[in-house]
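A.B. asks: Please model the entire structure based on the sequences and the hints provided.
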Amino acid sequence: MTLPVSTVLLEPFAEEPTVSVLRLYGDIGLEAITRISALVDDLVEKKRFHLLVDLSQVNFLSSPVVGALMGCRERLMRRSGSIALLAPKPELAEKLNLMGVNLVFPYYSNKNAFLRHFRWEYQSESRSLTLEVPAYAGYVPAIRRLIAGLLLSKGYTPREAFQLESIVDELSNNAIEHGLPIDKKFSISFSFDKSSIHLAVANGCKTLSSEAQERIREKFRNPCIIPGSMRGRGIALVKKIASDMTFRVDAQRVQVSITKMREES
Amino acid sequence: MMEPQTIRMDISSDDVFLPYIRQFVSDSSLAMGFDPRSASLAEVETNSLFSYAIDVIPSGILRLECRFEPSLLRLSLFDEGGNLCGTREVVGL
Numbered sequence: 001m002t003l004p005v006s007t008v009l010l011e012p013f014a015e016e017p018t019v020s021v022l023r024l025y026g027d028i029g030l031e032a033i034t035r036i037s038a039l040v041d042d043l044v045e046k047k048r049f050h051l052l053v054d055l056s057q058v059n060f061l062s063s064p065v066v067g068a069l070m071g072c073r074e075r076l077m078r079r080s081g082s083i084a085l086l087a088p089k090p091e092l093a094e095k096l097n098l099m100g101v102n103l104v105f106p107y108y109s110n111k112n113a114f115l116r117h118f119r120w121e122y123q124s125e126s127r128s129l130t131l132e133v134p135a136y137a138g139y140v141p142a143i144r145r146l147i148a149g150l151l152l153s154k155g156y157t158p159r160e161a162f163q164l165e166s167i168v169d170e171l172s173n174n175a176i177e178h179g180l181p182i183d184k185k186f187s188i189s190f191s192f193d194k195s196s197i198h199l200a201v202a203n204g205c206k207t208l209s210s211e212a213q214e215r216i217r218e219k220f221r222n223p224c225i226i227p228g229s230m231r232g233r234g235i236a237l238v239k240k241i242a243s244d245m246t247f248r249v250d251a252q253r254v255q256v257s258i259t260k261m262r263e264e265s
Numbered sequence: 001m002m003e004p005q006t007i008r009m010d011i012s013s014d015d016v017f018l019p020y021i022r023q024f025v026s027d028s029s030l031a032m033g034f035d036p037r038s039a040s041l042a043e044v045e046t047n048s049l050f051s052y053a054i055d056v057i058p059s060g061i062l063r064l065e066c067r068f069e070p071s072l073l074r075l076s077l078f079d080e081g082g083n084l085c086g087t088r089e090v091v092g093l
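Residue numbers (our numbering), protein chains in the order written: chain A, 1 to 265; chain B, 1 to 93.
Be aware that one or more of the hints could be misleading.
[Said to hold, decoys possible] Which residues of chain B face chain A? A partial, calculated answer using Cβ under 7 Å:
no.: 1; residue: I7
no.: 2; residue: M9
no.: 3; residue: S28
no.: 4; residue: G82
no.: 5; residue: N83
no.: 6; residue: R88
Hints in this document: simulated from the structure, not taken from any laboratory. The C-beta atom is built at its ideal place from N, Cα and C for all residues, glycine as well.
C.D. replies: Have a look at this one:
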């Protein structure tokens with residue numbers, strides 16, 4: 001198929017049915033505005049509020065078209081929709097950046113990057129991390145930093161990231177120091193979405209008697225802070241920071257899990 | 001350096017995580033006694049392993065194994081099906 005110099009097409013997005021793709025080709029000037037606006041009006045009427053504008057085949061995008069896209073953005077966002085730009089050529093991206101377009105529209109270099117963001121943002125897709133780590137305290141700072149970074153990269157606040165760091169620190173050091181894992185390893189399971197964080201730290205251990213198991217459970221239920229001592233504060237701190245803490249103590253395994261709900265922004 | 005140790009990481013494929021994964025490998029290398037230059041090399045190798053995989057595996061889980069041996073770090077990356085995507089080695093001083 002040979003396309004005219006300037007072409008505007010609307011297509012469904014095969015990988016994500018709730019998203020439509022506005023595919024632009026060539027030099028997009030004033031003459032395209034009416035068509036773009038009409039297509040977006042049609043989308044709104046059909047209650048399809050997510051639009052990806054494919055710029056990969058565009059050489060030039062005039063300022064009035066950028067203005068029209070801003071108008072489309074307003075219409076879609078008023079209905080909890082979204083609009084994003086896909087794969088502008090480097091020269092075009094540079095010009096758009098000079099106009100400040102990158103401050104208004106998110107850009108994605110490829111479909112996969114867009115899909116990852118879209119599913120996280122609009123479909124509550126979660127992210128996960130599982131670590132199996134040698135029981136060596138030297139790794140704990142690296143784990144803290146990793147988990148904090150993952151949260152920050154998805155829009156959690158520095159405060160929330162720091163709180164999780166504190167929890168990771170306490171539970172990991174507990175697993176290493178008190179758990180005395182027989183296989184010299186401990187594990188961390190971490191998952192989060194836009195609204196909550198789940199973390200579990202587990203370690204294997206030498207076979208615990210029923211009494212020993214109960215003593216550990218009691219420490220988790222009623223952490224005892226000895227006045228003047230720096231010891232024993234970890235679980236109390238975790239309980240204070242987390243929205244919920246649960247634990248499971250078996251004969252050869254101890255696991256502590258927390259949930260933290262996202263703070264209101 | 002201590003006896004060989006392995007860290008196993010299963011992580012969602014997401015390009016925004018890459019800087020923190022790189023940093024983790026670098027921090028772990030330092031914790032295992034690598035000098036800062038070798039830790040930086042480990043970071044670079046992690047970046048090269050992941051950046052391709054994250055692009056071609058849009059969703060799902062990637063597994064990174066970091067095996068620290070005396071003066072050596074072996075990095076292996078697997079996809080969700082357990083297929084090996086790539087390996088790298090960094091000499092640690």
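A.B. asks: Indicate, hint by hint, whether the structure satisfies it.
C.D. replies: Structure-based check of all given hints:
{"no.": "1", "hint": "I7", "verdict": "holds (5 Å)"}
{"no.": "2", "hint": "M9", "verdict": "holds (5 Å)"}
{"no.": "3", "hint": "S28", "verdict": "holds (5 Å)"}
{"no.": "4", "hint": "G82", "verdict": "violated (15 Å)"}
{"no.": "5", "hint": "N83", "verdict": "violated (18 Å)"}
{"no.": "6", "hint": "R88", "verdict": "violated (18 Å)"}
Of the numbered hints stated above, those contradicted by the structure are hints 4, 5 and 6, listed in ascending order.
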